[in-house]
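Working from the sequences, and respecting the hints, build out all of it.
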Amino acid sequence: MSTIVETHDDHGHHGPAKGLTRWLYTTNHKDIGTLYLWFSFLMLFIGGAMAMVIRAELFEPGLQIVQPEFFNQMTTNHGLIMVFGVIMPAFVGLANWMIPMQIGAPDMALPRLNNLSFWLLPMAFGILISTLFMPAGGPNFGWTFYAPLSTTYAPDTVTFFIFSVHVMGASSILGSINIITTILNMRAPGMTLMKMPLFVWSWLITAYLLIAVMPVLAGTVTMMLMDIHFGTSFFDAAGGGDPVLFQHIFWFFGHPEVYIMILPAFGIVSHIIETFSRKPIFGYSSMVYALTSIAVLSFVVWAHHMFTVGMPLAGELFFMYSTMLIAIPTGVKVFNWVATMFRGSISFETPMLFAIAFVSLFTIGGFSGLMLAIVPADFQYHDTYFVVAHFHYVLVPGSLFGIIAGVYYWLPKWTGNMYDETLGKLHFWLSFFSVNLTFFPMHFVGLAGMPRRYPDYALQFADFNAIVSVGAFIFGFTQLLLLFIVIKSIRTGKKASDEVWEDTKDWGLEWTLDSPPPYHSFTVQPEVK
Amino acid sequence: MKSISRVTRKFIYALLFLAPTSVFSEASDYNMPVGVTEVSKEIFDLHMLIMWICVWIGVVVFGIMFYSLFKYRKSAGAKASKIDDHFWLEITWTVAATLILVGMAIPSTTVMINAYDDREGDINIMVTGYQWKWQYKYLEDDISFFSNLATSQEQIDNDIPKGEFYLSEVDEPLVIPINKRIRFLITGNDVIHSWWVPDFAVKQDAVPGFINTAWTNVPKPGIYRGACTELCGIKHAFMPVVVRAVEQEEYDAWVVEKIALAEAEKLLNEKVWTKAELVERGEGVYLKNCVACHQTNGQGLPPVFPALVGSEIVMRDKTRNIEILMEGVRGAAMQSFANQLSEVDMASVITYTRQSWSNGKNGDGEIIIPQEIVDYKNKVDL
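Quick mapping for you: the protein sequence lines, in order, are chains A and B.
In this text, residue positions in the first sequence follow the working numbering: the first is 1, and each later residue adds one.
In this text, residue positions in the second sequence follow the working numbering: the first is 1, and each later residue adds one.
I should point out that these hints are in silico values taken from the structure, not numbers from a laboratory.
Owing to the predicted nature of the structure, the values given are computational and were not obtained by experimental measurement.
Some hints here could point you the wrong way.
Stated by the list, open to error - Quick list of in silico lysine to aspartate or glutamate cross-link-like pairs, EDC-like style, CA-CA up to 16 Å: (1) B/K318 with B/E372; (2) B/K288 with B/D117; (3) B/K288 with B/E154; (4) B/K377 with B/E323; (5) B/K180 with B/E247; (6) A/K495 with A/D514; (7) B/K220 with B/E250; (8) B/K79 with A/E527; (9) B/K266 with B/D142; (10) A/K505 with A/E527; (11) B/K266 with B/D375; (12) B/K79 with A/D514; (13) B/K180 with B/D117; (14) A/K195 with B/D84; (15) B/K235 with B/E169; (16) B/K275 with B/E372; (17) B/K82 with A/E69; (18) B/K180 with B/E249; (19) B/K137 with B/E172; (20) B/K74 with A/E502; (21) B/K180 with B/D252; (22) B/K180 with B/D85; (23) B/K258 with B/E140; (24) B/K288 with B/D171; (25) B/K162 with A/E60; (26) B/K74 with A/E349; (27) B/K377 with B/E312; (28) B/K220 with B/E247; (29) B/K258 with B/D142; (30) A/K195 with B/D85; (31) B/K235 with A/E527; (32) B/K74 with A/E69; (33) B/K82 with A/D503.
This is the structure we're talking about:
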């Protein structure tokens, strides 16, 4: 018997405390995971509502619903909330739930730090969203907040924005330290690095990326703060500063950030594809090497966001080649997923449907990414809806579908109850249809010349914008169905077995636990052969 | 109202843009414009080449995937194999991907080197982005002017029907001759803007404190429309680019006319102006340069853009009033108009704001004449 179990025998309980303080004081990885996931879900609806405002305004030419000033606040906050408030917390929530269960540990290594890193987030977003109700209005300079629009020309509330970004960054760094410590120290005996589940691998790499780049973001916003309040001129040309410097350091953070938002999804879909193809993932080690190469390359491609900013020819070519290189490890991952399905025994439960959609639609986003890497062509694509189409394809049917797939896949394990499969499939097909209706035509309006971040546009873009808006509304309201499905499964779902799916014991330690799992996942470390 | 069938047809055409490109006219609503210059055509071909390669990779990969999903479905009794690795297969597709990328990189590099060429032009034009308009300065000839959105606020607010070139028309387009190497020197005055003309495949950021270069050589007369593509504040969508390319003779005549107009403008400083004349001229200047922030009714959009109505400075402090327009307000959105407005326009717009709304009644009612602006400039120069 391990000491952990004995201590708890003294207390005479194994369950959580009751009431609100359970959530406020909790140091339990599952409780904190749950908090992260619900927080992310709430933010999805807030950020989504902003997208609905944007699409309502863009439904036809002319200004109908909102003025440009508020429109800019919507695009900015939509981006910030979706990136920092939805995708990242959802991945951290999944990490909290799944990493201890997948490596055979009782909890995360640093439980109090875990509590802190979650509770920082509502503070950060409380500050950010409150600016929308202040007289000067919220941030309106785009989620990339290029100086000097975000410094000299920013509304006064930019200081709140800076503070909020600092707090988010602190939360991410603390969370990452916890994840790395857990993975490196608490694996079950016999689980060598090259036997770790791919989701754990993807998070190990993601956590290192976060620790590497979040301080850079904090530095960037601190320089902004100095420019705004303390008379420095980091980004002010009139004082000898350099507005382009802002973009270099922002994207030095920003490009790894892009992979932070996709790598954990790679891990999730790898598990789902092997489970529902009933066949081990093809090329496990090449999957790990691909993840690592993507992470390393992400540090040397940042200026491909800046091809039109005025760089020397050698710079343009270097960043074009380095960006194209990323297609190799990414391609290898896609080939491996397809090879896993090949000669499998495939069934199509909701998580698998989302995973298949992930592989196909993320790949479309990858193709447009490759096109964007081609510098001369990028002169035409840059800052148009083609770019908007590209990054929404990798982030919505990419990252978000990856998260949703993971939720459907593990929800029965978490709650002990199955979700409603019919409703799940309905949710999938509605999402799949509308996500394409929303984002595919954006390629066309972008190529035809509609710039992004425009509250109003020339008449030739009207037809496609109307279609995009209709798609966006369907997609937005479809996500309410997900909320319903999750609540229904928690309250009245059929009991799930411990394995949940067929023969899942082969696919990971989490399936060897009860459904729902005990409060302290593994009180006795399992042996991995 | 547009008919549904037209929308549907457009959508089908758009999907068909995976079909041969010759199906499409040059000004496509769903694909990158072919454009008119050598560079824009090369870029279009490159774009189509890369897209086709991607389409074919997609066909193969998705083909295998959907074949597997169908062939190896459990409901048809498929039994899973246990294969989980194949060294040579992994090597093969990694090498294949690399070769395809090298194949893409070679033509891309060639086009890039051609597009990137900052030798001097036959004509060199300084393009400066302002919130929210473009200034064009011809470096060889003494010509400089601003190009503002010409679409009326009523059209934007849906009060009247929208014109054919809604949001892509300006009061004064950039004029260039055909078959000449034109070099653009692009910079920004306040925030970062980006100057884009799709038909030339020219897009360069206008960054304050930097001068970027771009070039074009237009073989065909015509009107080419573009846009600002870097978020630059509230009116980002309302500062289009319009270029008129003309025959050499027409261009020469235009230059002569422009220079003559500038001379005539200078003479206006000497003229004796009445209050009514200044107010009338000032209203035009105000509608073109000031309404975006201070609004037609002079109430502004507080707190970012203060109201002019009832402002102590606008009603009583003439010296500060001139100073603000000449120097801008540091740390605020108000920019310096010293280079944007002629002395006459400056004097008349200040007079207009001091006479309009309730300001004329409640303030000191003093007018400002062009000479006062000239004096201010001379004083500052010392």
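To see whether the hints hold, each was checked on the structure:
no.	hint	verdict
1	B/K318 with B/E372	holds (10 Å)
2	B/K288 with B/D117	violated (36 Å)
3	B/K288 with B/E154	holds (14 Å)
4	B/K377 with B/E323	holds (10 Å)
5	B/K180 with B/E247	holds (10 Å)
6	A/K495 with A/D514	holds (11 Å)
7	B/K220 with B/E250	holds (14 Å)
8	B/K79 with A/E527	violated (29 Å)
9	B/K266 with B/D142	holds (13 Å)
10	A/K505 with A/E527	holds (13 Å)
11	B/K266 with B/D375	holds (14 Å)
12	B/K79 with A/D514	violated (28 Å)
13	B/K180 with B/D117	holds (15 Å)
14	A/K195 with B/D84	holds (14 Å)
15	B/K235 with B/E169	holds (15 Å)
16	B/K275 with B/E372	holds (15 Å)
17	B/K82 with A/E69	violated (58 Å)
18	B/K180 with B/E249	holds (13 Å)
19	B/K137 with B/E172	holds (13 Å)
20	B/K74 with A/E502	holds (12 Å)
21	B/K180 with B/D252	holds (13 Å)
22	B/K180 with B/D85	violated (60 Å)
23	B/K258 with B/E140	holds (13 Å)
24	B/K288 with B/D171	holds (9 Å)
25	B/K162 with A/E60	holds (12 Å)
26	B/K74 with A/E349	holds (12 Å)
27	B/K377 with B/E312	violated (23 Å)
28	B/K220 with B/E247	holds (9 Å)
29	B/K258 with B/D142	holds (9 Å)
30	A/K195 with B/D85	holds (15 Å)
31	B/K235 with A/E527	violated (63 Å)
32	B/K74 with A/E69	violated (54 Å)
33	B/K82 with A/D503	holds (14 Å)
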